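From just these sequences and the hints, can you work out the full model?
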Amino acid sequence: MKRLILFPALILIAVTNLQAQFQQPGALGALAPANLAKPRPKPGFDLTGTWLHGGSEGGFRFAPPPGFKLTPQAQVIYDEAKKAQGEGKVYHDDIGQCWPSGLPILMTRVWPIAMIQLPTAIYMIQELMNTMRFIYLDGRPHTDPDIAVPSFNGESIGHWENDTLVVDTKYFVPEHHWLDQGIQTSDALHLVERIRMTNGGKTLEFETTASDPKTWEGEWKWTKKFQRVDYRDIAEVECLPDLNEHMPSTHSNANVR
Amino acid sequence: MKRLSIGTSLILVACMAVPAFAHHSAAGIDRNKTTTVEGVVKEFKWANPHSWLDVAVPNAKGGTDLWSFEMNPPAYLVRNGWKSSTVKAGDRIKVSGHPFMNGEPGGIFVSVTLSNGQTLGAGAAPSNVNQPAAK
Numbered sequence: 001m002k003r004l005i006l007f008p009a010l011i012l013i014a015v016t017n018l019q020a021q022f023q024q025p026g027a028l029g030a031l032a033p034a035n036l037a038k039p040r041p042k043p044g045f046d047l048t049g050t051w052l053h054g055g056s057e058g059g060f061r062f063a064p065p066p067g068f069k070l071t072p073q074a075q076v077i078y079d080e081a082k083k084a085q086g087e088g089k090v091y092h093d094d095i096g097q098c099w100p101s102g103l104p105i106l107m108t109r110v111w112p113i114a115m116i117q118l119p120t121a122i123y124m125i126q127e128l129m130n131t132m133r134f135i136y137l138d139g140r141p142h143t144d145p146d147i148a149v150p151s152f153n154g155e156s157i158g159h160w161e162n163d164t165l166v167v168d169t170k171y172f173v174p175e176h177h178w179l180d181q182g183i184q185t186s187d188a189l190h191l192v193e194r195i196r197m198t199n200g201g202k203t204l205e206f207e208t209t210a211s212d213p214k215t216w217e218g219e220w221k222w223t224k225k226f227q228r229v230d231y232r233d234i235a236e237v238e239c240l241p242d243l244n245e246h247m248p249s250t251h252s253n254a255n256v257r
Numbered sequence: 258m259k260r261l262s263i264g265t266s267l268i269l270v271a272c273m274a275v276p277a278f279a280h281h282s283a284a285g286i287d288r289n290k291t292t293t294v295e296g297v298v299k300e301f302k303w304a305n306p307h308s309w310l311d312v313a314v315p316n317a318k319g320g321t322d323l324w325s326f327e328m329n330p331p332a333y334l335v336r337n338g339w340k341s342s343t344v345k346a347g348d349r350i351k352v353s354g355h356p357f358m359n360g361e362p363g364g365i366f367v368s369v370t371l372s373n374g375q376t377l378g379a380g381a382a383p384s385n386v387n388q389p390a391a392k
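Taken in sequence, the protein lines are chains A and B. Here the numbering used here is used: the first residue of the first sequence is 1, the next is one more, and so on. Here the numbering used here is used: the first residue of the second sequence is 258, the next is one more, and so on.
Source of the hints: derived by calculation from the structure; they are not laboratory data. It should be emphasised that the depicted structure is a prediction, and the values quoted were computed from it without experimental measurement.
To be clear about the criterion: a stretch of chain B counts as covered by chain A if any three or more of its residues have a C-beta under 8 Å from a C-beta of chain A, and this derived list gives those stretches:
hint: 1; region: 302-312
hint: 2; region: 325-335
hint: 3; region: 350-359
Using N, Cα and C, we set each Cβ at its ideal position, and we do this for glycine too.
Okay, structure coming up:
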């Protein structure tokens, strides 16, 4: 009899912890009609649409800032990548091996992104492997770090500061996760994005501040611009085994893995 | 800690740059060279994020080598006249591409000459995406 009581209790505890991953136990989900219907201040903008990089200084990709300093361990990896590059080799191209790109790479690639904004959350689908990203706007706090599950896109919590959406993201996986090639991120990666809509609703600006004290010193900042593209939908794009079988650049013996 | 110069870091990032469409690094490709081979199509795949073209090319030993060419996605190729039926297994074609630095047979696709003499390139990124399609 005692065992019969203990087992359901364990199940209840497990379910409660799962619910707590992104919201407090008992809190409404972002898509719950009762949550969507809650009265809230008018958002600064509605970014629902399809967006493509354009007009960013320095292009759409990330580049480390002038004079950047890596931690000794990160410097070793960066130097290895540089050496491999000099030898014409691909270095730890995890995306090419079908690992998710994750943040911030999915926001620094030229593939279009479909964005859907609701009162409680923003849902993004990046055409690069159809990666999904969620930004919660319903006032929930970050998950307790003791139970948060690290992921490639981390946990993004946003709030409005007048016409600017401020998004705080943390809880990233350190494995197979890169800021860009040669710069591997750690579980201490922390991103703050200040998002503004300009140009009459045709341009989105993402001003990103990134810190990762296990990988580099100080804060790195960059601003990328996306342009609204009304005559393009995103496609289904998957990384599949038979794709890579036919891509010698992903399975060459010359690659550094 | 060794500090890399700004120039070095920018060069590294630039060298690591990949084609805009690519899901993978193309660091092993020699973009300063173009190699042309002639052979028989083994497989042509019309797919995202890459189409691909495998061609059996006669070698000096009397056999064939399989050359794999990594191509742009269909959204790019159609802008250069490609259709999913443009090439099929068994077709005799001539293919040009930027080769792998390590000498493996294959590379990044540049152009094809079909058996009827028609030449098609690699296509280009969809443009005018904020404009209605031309009628």
